[in-house]
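Fit chain B to the known structure of chain A by using the hints.
Residues per chain are reported as follows:
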Amino acid sequence: MMLTKIVGERVYDFSHVVGGRDQVMGPLAVAFGRDNEMYAVVSALGGGRGITKYTVGLYPGEEEMVQRIGESGQGPGQLMWTSGIALDSDYNIYVTDAMTDRISVFSEGGDFLRSFGSSGNGDVQFSRPSGIAIDQDDNLLVVDTMNHRVQKLSRDGRYLSEWGSEGSDHGQFRAPWGITTDADGCIYVADHLNHRIQKFDAEAGFMFELGSKGSGDYEFDHPSDVAIDPDGDIYVCDWANHRVQAFTADRDYVTTFIGDAQELSKWQLEYVRSNPDVYKARRRVYTLEPEWRFALPSAVEFDSRNSRLMVADTQRWRIQIYNKLHDYADPQFNI
Amino acid sequence: MSSNELSQMAHLMRRAGFGATRDELERRVADGYEATVEDLLHPEAYEPVDIFQFLRYYHFQWKPGTLGGIGQTGWVWRMINTQTPLQEKMCLFWHQIFATGVSKVDHYDEITDMIDIFREKGLGKYRDLLLEVSRNPAMLFWLDNHENHATAINENWGRELLELFTMGVGNYTEEDVYECSRAFTGWTMTPKLPRFHMGRWDWYFEYRPDDHDDGEKNFLGHTGNFNGEDIIDIVLAHPATARFIARHMYSFFVADEVQVPAWEHTPPRDPAAIEVLANALTESDFDIEHTLRVLFNSDFFKEAQFTKVKNPTEVVIGTLRMVGGAELAGPETFDYSNHITYMGQELLNPPSVEGWHSGVEWINSGSLMKRANFVADMVRELDRPGVSAIIDRVKTSGASPESAVDTCLDLLGPMVVKDETREELIEHASTHGEFSWDDANEADSARRVAELLQLIVATREYQFA
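Heads up: the protein sequence lines correspond to chains A and B, in order.
Each residue of the first sequence is one higher than the one before, starting from 6 at the first, in this note's numbering.
Each residue of the second sequence is one higher than the one before, starting from 6 at the first, in this note's numbering.
Looking at chain A on its own, in the form it has when it is part of the complex (with noise of 0.2 Å):
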């Protein structure tokens, strides 16, 4: 299995994981804060549902927890069925959740701030909100999902505007999931149930759509999330596909990355040493393999920082983490 993909003039080297039963269990949706930290939206089995905050460094083993965000429960500052995740310029974290119809603030440290919305279809009500981006005016673009729509609030709550009802024709979606803003304020929405992915510009207007039902190139199975890099390739969370497809700016295919985690986690690995039985039945299968693939991958972000991206590998509990490069050289063959 080669690690690097060579792809045309770009390539993508698959870097490492982060990832542990006990400390990435389900991420659902990833956002970046200050130098190398990043939240994840953590489920929990059963209900309980919260914000796990890390420091992701460059290379294997320098992730460390910082703190648990929020806790179970449908009071101020509880959270159940969290969703998205997005920072403001003053990474403020603003978190929906999909059972009480209504998006948590807590400050950089954890602290409640507020929370607004509803169950309902008027303004600033929703019905299963679940993904969440930040405009270029620090303004919020909020998927509401069940009234297949977005939803502009300001960082305070107030409502001002939306766009989108149900159906499959352009501006319209069905049961939407992610979104993300590129670098000249356009949007884009994972339009979940229409297997697509749906570009407007900063105001709204229709831009272009994306992929149709299916498993091949430019097809998607239950679209969950896209993030979009500094040179504008487009990155498709292909859920149900358990994969990700990259695109150019112009939609031409690019690339699928289906996972490549050949090596366990820090955290993993400590949970392997610890355990020789785990130990030697991991020696007893034929191959490792399925370990290291996607399993329903629900979020995909770009850290422009960095230059890389990361997967929020759902099912598999972890972040898989691919570096875009650009100064690669490919080693002399004989070496």
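In case anyone wonders, no lab produced these hints; they're calculated from the structure.
It is possible that some hints are incorrect.
Quick list of in silico lysine to aspartate or glutamate cross-link-like pairs, EDC-like style, CA-CA up to 20 Å [to be verified]:
1) A:LYS58 to A:GLU69
2) A:LYS157 to A:GLU208
3) B:LYS197 to A:GLU224
4) A:LYS285 to B:ASP207
5) A:LYS218 to B:ASP207
6) A:LYS218 to B:GLU428
7) B:LYS197 to A:GLU268
Positioned in the frame of chain A, the structure of chain B alone reads:
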């Protein structure tokens, strides 16, 4: 549309599915009984349930752990949402026979894979299904065939294949069990990745020729170098197998029988019906779709209304499909699956290889309360679309308490209750006089109808399908 046609259709939909709303029943009566049977027998005509709409909110269900109640929620959600109820009913039917439980397998996903096999092949040829189940890792582990070696025979799978899945006790000898088990040596599964730092992994069937006993076997009067497939062919050709499967089908779809261990000594409730079904199986090479067509169109089926106690799954799913509002996966979906367990049927975890004891054994003082309370709680929620639709029909049926009672009984079945029960219902409905649906009284009348529904679902008669 005659009331007899409606009752007959409601009977078919209760048995071949999980009941139907009045709107659906009327549509199906217009289509005709035999056309509805054909529709039920052809699930391929419909879009399957999109399980990813469930997994989006229950993503930990993808390879669920072993905590009670977790694993079955996805199946419960499917049953609530399916357009092909007979397909799911067949999953229940085969799950009752190939009763494999998470208590031992410790891997919900492998058992749900087996349910998927029932969904895919449950209406097809029994040989195909049986062969698939014989190679299913959950079954291999459940009945220890992974420990059935050429040099150390384990008889668990071989015995149950003959006792519970094909012929029934009394049609084979202990030597047949041993020889059958020899033929299945080497049918095992690949070593699996440990689950405890990255979640659970699929199990896979593996045939190991080096661990297969390829010596000569003497089985049911046949001699040869048999492998597992040969054994399956021999038992399917034995007349006891068709009768045994026919009795299972009768007991599940037509009328409650005694429990399986008593079949050796207790003759069938309707021997002629068993003969009809056994012949249908034999003449069709064990084609289940063909045999069900014979069953649903038979007089013995049509005359068997309300002769079966609803199993807990039928109680919960039937109620949810009737009242509506349960289609989107939410936290309550997990609760629904738990209610089935509370009533005595923990799906994916039957009490033993024999499955659940059914019929009147579903009912005891505890389970009866759970059944009545669950359904009563559901039918009192006025904003559920199905409850609202019932109230709309009661509105147009007249203002008298008698008409309200009769309409409710009709819409919940149509049900026939004892005169004494009907009188008591009317007495209760009369407490506040006639029903008025003007603006000032509409909410109160709706609440009174919901109360009536609550009383009716708590009757003895409502426990029968």
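Structure-based check of each hint:
At most 20 Å may separate the alpha-carbon atoms for a hinted pair to count; LYS58 (chain A) and GLU69 (chain A) meet this at roughly 9 Å. A hinted pair counts as satisfied when its Cα atoms are at most 20 Å apart, and LYS157 (chain A) with GLU208 (chain A) qualifies at roughly 10 Å. A hinted pair counts as satisfied when its Cα atoms are at most 20 Å apart, and LYS197 (chain B) with GLU224 (chain A) does not qualify at roughly 32 Å. Between LYS285 (chain A) and ASP207 (chain B), the direct Cα distance comes to roughly 18 Å. Compliance with the 20 Å bound is thereby established for this hinted pair.
The suggested pairing of LYS218 (chain A) with ASP207 (chain B) is violated, with an alpha-carbon distance near 26 Å, which exceeds 20 Å. Note on LYS218 (chain A) and GLU428 (chain B): the hinted pairing is violated, with a Cα-Cα distance of about 58 Å set against a maximum of 20 Å. Distance hint between LYS197 (chain B) and GLU268 (chain A) is fulfilled; the C-alpha atoms sit about 18 Å from each other, no more than 20 Å.
Hint compliance for this structure: hints 3, 5, 6 are not met, and every other hint is.
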